[in-house]
Amino acid sequence: MFGLSELIGMPQDGISLVTSKGNHIGNTQGAKVAAGRVSAFRDLCRQRINWKFRRDSYGLYNCAGLVWASRRTGISQNEEWLKILADDGYRQTSHPVLDDLVLYRDSIDRSFLHVGRIVGIESGVSESSPKIPIVLSKWGHDLGECVHFAHDHGIDSSYTVTLEFWTDRPIDEKSNESTRIVIR
Amino acid sequence: MKNQMNQLESLSDEKFISRFDQISTVEGIHHALRRSIEVKSLNSALREEAIGDRELDLFIRHLLREFVPGEQFRFQITLAGIAVACETINKAFARQFIDYLAGIQLSELSVAAMVARYGRRSITKTVSRTFLCSGTQNRFGLVQRVTKADVGQRSKTFEEEFV
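First to last, the protein sequences are chains A and B. Just so you know, we're using this note's numbering here: the first sequence kicks off at 1 and counts up by one. Just so you know, we're using this note's numbering here: the second sequence kicks off at 1 and counts up by one.
Keep in mind the hints are simulated off the structure, nothing from the lab. Since the structure is predicted, the reported quantities are computational estimates derived from the model, not experimental observations. Any given hint could turn out to be false.
[As the list claims (entries may be wrong)] Straight-line Cα separation of at most 27 Å, DSS-like style, residue types lysine-lysine; simulated pairs:
{"hint": "1", "chain 1": "A", "residue 1": "K52", "chain 2": "A", "residue 2": "K32"}
{"hint": "2", "chain 1": "A", "residue 1": "K52", "chain 2": "A", "residue 2": "K131"}
{"hint": "3", "chain 1": "A", "residue 1": "K32", "chain 2": "B", "residue 2": "K15"}
{"hint": "4", "chain 1": "A", "residue 1": "K52", "chain 2": "B", "residue 2": "K15"}
{"hint": "5", "chain 1": "B", "residue 1": "K15", "chain 2": "B", "residue 2": "K40"}
{"hint": "6", "chain 1": "A", "residue 1": "K83", "chain 2": "A", "residue 2": "K21"}
From just these sequences and the hints, can you work out the full model?
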């Protein structure tokens, strides 16, 4: 029934990946992307004029795999994200600096949706305007990478998205604490 | 019949699938699927038996014609959406579909399989829920335990999540 059990394909596999405390991180390497996904992502980048294209659609890893596994695999479960954040000493901050993370959460059920690394902080229009974080991220399981403003995320409008900034810097570090960040 | 098939076909529509393009977590996809009008509509059709095992079987076999070994299956969100719609359906074929999909260990279908596994885990794990009942002068809490044995009868809680 359904024909699902008759399929022959590539065995689903992950790699050895652990947190700094030695706990295993569940992960899955994706198959190569389907035909058409490369042009789909290029089209998306063209539509979103502020996105700077970095890499074509790729299936091996997802956004969390880019950030926490050096683009080697996909990390797709909330419990694994939480494990990494806890074991690797991340904390939320309202004053992100370069190389901190932005996590996108569903405002309704609080599940994580996306993560990216802050690669720049752009000045606002005036001296007193809030600074704007610039993020490098990889979209979904089968799209590509681009650099974008943190709030310019492209997640479908059917989601209500909350942005959270996380850092692994020790709590007593005060660098750039005065930086005000805009979150839309 | 045409209308019923449309409820399945709406899940394979490119616009529907692309709504989940940017999401990287199983939970994020599952919760959004469960909230979507398309999945709710399919759930109703399955519950009212407007769509049965034969229609579902035909539709899925039709989708699988586009399965290419070594490539991510382009209708993974469609399969995941069907699995989510089946979660509260008390029919053997609905359970069977979730089990088949959840049991798949293929890289091409890893996202759909993970969503099905997550959905199955949410149903079958023992959960405690507190219902606050009103209508009397006193509000009181009632803890209901839902176990695997209860799933056949489907708890009211899970049914309500689709309404």
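For the pair supplied as a hint, K83 of chain A and K21 of chain A, is the alpha-carbon distance within the 27 Å limit?
-> holds (10 Å)
Is the hinted pair K52 of chain A and K15 of chain B satisfied, with a Cα-Cα distance of at most 27 Å?
-> Cα-Cα ~24 Å, so holds.
Is it true that the CA of K15 of chain B sits at most 27 Å from the CA of K40 of chain B?
-> Holds: K15 of chain B and K40 of chain B sit about 17 Å apart, inside 27 Å.
K52 of chain A paired with K32 of chain A [C-alpha distance capped at 27 Å] | Roughly 23 Å between the alpha carbons, so the hint for K52 of chain A and K32 of chain A holds.
Within 27 Å, alpha carbon to alpha carbon, are K32 of chain A and K15 of chain B?
-> Roughly 22 Å between the alpha carbons, so the hint for K32 of chain A and K15 of chain B holds.
Do the alpha carbons of K52 of chain A and K131 of chain A lie within 27 Å of each other, as the hint requires?
-> holds (19 Å)
Comparing the model with each earlier hint shows no violations; every hint is respected.
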